[in-house]
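There are 2 protein chains.
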Amino acid sequence: MKTSLHQRRRKLVAILSDEKIDGLLTTSPANWYYLTGFTGESGALIVSRKGTTFITDGRFMVQGRDEMSGVRILQQKGSLFGSVGQFLKDSKLRRVGFAPSQITVGQLQSLRKATGASVHWVATDGKVETLRMRKDAAELAQMRQAAILAGEVVQSAIGLLKPGIREFEVGAEIEYQMRKRGASGPAFETIVAFGERAALPHARPTAKRLRKNELVVLDLGAILGHYCSDITRTVYVGRAPKRVRIWYQAVLEAQGAAIAAASSGAACSDVDGAARQVLARYCLDGLFVHSTGHGLGIEVHEDPRVARGQKKLLEPGNVITIEPGVYSAGIGGIRIEDDVAIHADRTEVLTRAPRDLIEL
Amino acid sequence: MKTSLHQRRRKLVAILSDEKIDGLLTTSPANWYYLTGFTGESGALIVSRKGTTFITDGRFMVQGRDEMSGVRILQQKGSLFGSVGQFLKDSKLRRVGFAPSQITVGQLQSLRKATGASVHWVATDGKVETLRMRKDAAELAQMRQAAILAGEVVQSAIGLLKPGIREFEVGAEIEYQMRKRGASGPAFETIVAFGERAALPHARPTAKRLRKNELVVLDLGAILGHYCSDITRTVYVGRAPKRVRIWYQAVLEAQGAAIAAASSGAACSDVDGAARQVLARYCLDGLFVHSTGHGLGIEVHEDPRVARGQKKLLEPGNVITIEPGVYSAGIGGIRIEDDVAIHADRTEVLTRAPRDLIEL
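For the record, the sequence lines run as chains A and B.
Read in order, the letters of the first sequence correspond to residues 27 to 386 in the working numbering.
Read in order, the letters of the second sequence correspond to residues 27 to 386 in the working numbering.
Keep in mind the hints are simulated off the structure, nothing from the lab.
Where hints are given, some of them may not hold.
If chains are identical, the list can't say which one is meant, so a pair holds when it fits in one copy or spans any two.
Unchecked claim - Here are the simulated DSS-like cross-link-like pairs (lysine-lysine), alpha carbons at most 27 Å apart as the crow flies:
#1 K139 with K338
#2 K153 with K206
#3 K118 with K37
#4 K103 with K337
Treat the numbers as computed from the prediction; the structure is a model and nothing was measured.
Using the sequences provided together with the hints, build the complete structure.
Shown next as structure tokens:
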């Protein structure tokens with residue numbers, strides 16, 4: 027069932043009310059989109075019992091009116107945070123929540139200066155983000171499309187991998203293919219890493235040319251209908267030496283174990299642990315230098331985090347990546363990543379591209 | 027003359043020392059690149075008399091060692107800001123600067139918790155950004171290349187504007203052309219707006235098809251060698267009606283007046299005012315809903331801001347955009363934007379594409 031934007035805001039107000047918070051200020055564009063449908067980049071949203079207000083500058087007034095309904099839109103006078111403070115003071119909201127992970131020290135200073143003692147500022151992280159973790163049916167449908175698109179694009183990119191091609195040529199083609207299929211753009215900077223550069227988990231495409239007998243890591247995601255996908259495939263150009271085969275097998279098994287562990291009610295740390303245990307059996311856990319995955323949705327990195335120490339239990343509607351990898355300065359890197367949705371009774375892999383080692 | 031990264035850090039330390047600050051913490055990737063050459067996305071840089079230290083997580087250790095020299099690289103233990111705090115405590119730096127516009131309330135909380143009373147936190151915005159405003163010869167050479175590339179791409183995109191084409195097809199082609207010419211990617215989300223959508227200064231490309239007798243706004247920028255460009259051209263598909271011609275002429279004159287006013291020693295507010303005065307003569311100043319321009323460099327929005335009330339005087343080495351525009355919900359929008367570099371004795375327009383009204 028599709029949750030209406032109005033229902034989302036009502037739910038948020040109910041949660042705030044439970045914590046005796048009169049209104050919530052959010053400066054996160056992803057939260058704005060989730061709560062109101064607005065897709066602009068500048069402003070501040072205040073949600074309260076008394077209604078929803080968006081304050082922005084002249085560039086976004088027309089767009090705001092086009093995209094939002096049931097939201098009062100005000101144009102800032104002078105600085106944004108001065109205007110927000112003035113609005114809050116006038117609206118007589120007493121206890122106003124803000125996200126300490128998103129509001130800068132300077133912004134809070136401006137807000138406090140404008141409201142004086144009339145507003146009590148309550149630090150409260152993740153109020154909207156917690157709602158966003160549980161995707162509804164319409165969101166899941168959109169994410170399925172974004173994931174399928176990413177799978178198609180990664181497969182088309184693998185088709186380009188001939189010795190001599192440059193990393194950035196593959197990168198350009200990947201993003202072109204995404205947009206041709208309707209994506210509004212990449213969900214993050216596309217990673218195309220050949221040979222030793224594959225040892226950098228976050229390598230940006232360079233002018234490096236592909237040679238025979240190199241590993242290639244392709245990590246890409248598309249934004250389609252405002253929702254993100256994220257997929258990684260690793261291929262070997264040539265006949266893979268034994269060590270690469272064994273390492274690939276280890277990562278593939280680690281990923282499979284983590285996907286199997288990712289079910290409703292499982293702790294995120296246990297999903298991460300499942301991948302780590304497999305790699306430890308191969309004595310490769312020391313080369314797994316990041317966490318197993320992250321939530322995915324309107325943003326490419328959302329809650330929940332699938333990492334060590336994350337006690338949070340997976341719930342139906344969560345969408346996460348599962349992406350173990352191993353990296354070695356000598357050999358390069360191997361990472362396999364898919365997106366999965368958690369349902370009450372099953373786990374659905376959203377991305378659809380073969381996972382077996384491809385040797386070109 | 028090219029300033030070495032080491033010289034940049036030494037200059038920063040001298041400025042800090044003048045203000046009795048022992049070390050500066052910066053979390054801005056653009057500042058990292060400017061001071062150290064590091065291009066990764068996660069970590070914290072501390073510059074002090076005692077040396078430069080970068081603290082990051084496992085994903086960026088190899089890349090950090092590859093890209094930086096003369097910088098100590100430490101891997102965080104647990105949270106980043108906990109590790110930074112611990113490092114500062116151990117290093118006995120007493121007065122540490124941070125940017126209140128970049129550090130969140132939550133980050134400062136973590137830092138304070140880790141350092142206790144051993145560090146006195148000094149709020150100081152723009153220390154590195156002030157250095158970055160004055161581009162050296164090597165930076166200007168790079169920015170010239172980025173600007174020329176943007177001009178070539180906007181002209182090739184204008185060649186695609188045939189009735190029936192969709193906004194996102196033009197957007198995809200623009201970014202593909204950038205990368206083919208060596209750009210690492212767009213400097214911001216490319217704007218392609220047809221007809222009434224051109225009234226949104228920040229329109230994202232949609233599936234809308236181009237029709238005869240519509241305005242088209244193309245606003246794009248490329249990152250080349252880590253430096254940004256930014257250009258806007260507006261064209262009319264068909265024979266422009268009289269009102270469009272007059273408005274275009276007004277914007278073109280406003281842009282010319284602002285470029286003429288942009289010289290070393292001029293106040294940014296006066297450059298903005300020069301554009302506004304021309305539009306006022308046409309009674310169009312009410313439709314100019316944003317500021318005249320912004321600094322450009324490693325980031326697409328830098329200091330100085332070319333806007334009302336900005337008293338800052340332009341200096342040799344500054345690179346700014348000049349981009350007046352008029353927007354009306356009925357007719358669409360017209361914006362013309364170029365990048366200019368301020369020299370002691372002249373102003374150099376970096377972008378090179380014809381500015382006269384093009385009717386297709």
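Fill in: Homo-oligomer pair classification [K206, K153; C-alpha up to 27 Å]
neither (36 Å within a copy, 43 Å between copies)
Fill in: Same-copy or cross-copy closeness of K139 to K338 [CA-CA at most 27 Å]
Cα proximity of K139 and K338: across copies only (24 Å, versus 37 Å in one copy).
Worksheet item: From the Cα coordinates, with 27 Å as the cut-off, is the pair K103 and K337 best called within, between, both, or neither?
Response: Between copies only: 19 Å across chains, 44 Å inside a chain, cut-off 27 Å.
Worksheet item: Taking 27 Å as the upper bound on the Cα-Cα distance, should K118 and K37 be classified as within, between, both, or neither?
Response: within (22 Å within a copy, 48 Å between copies)
Going through the hint list in order, the structure does not satisfy hint 2, though it satisfies all others.
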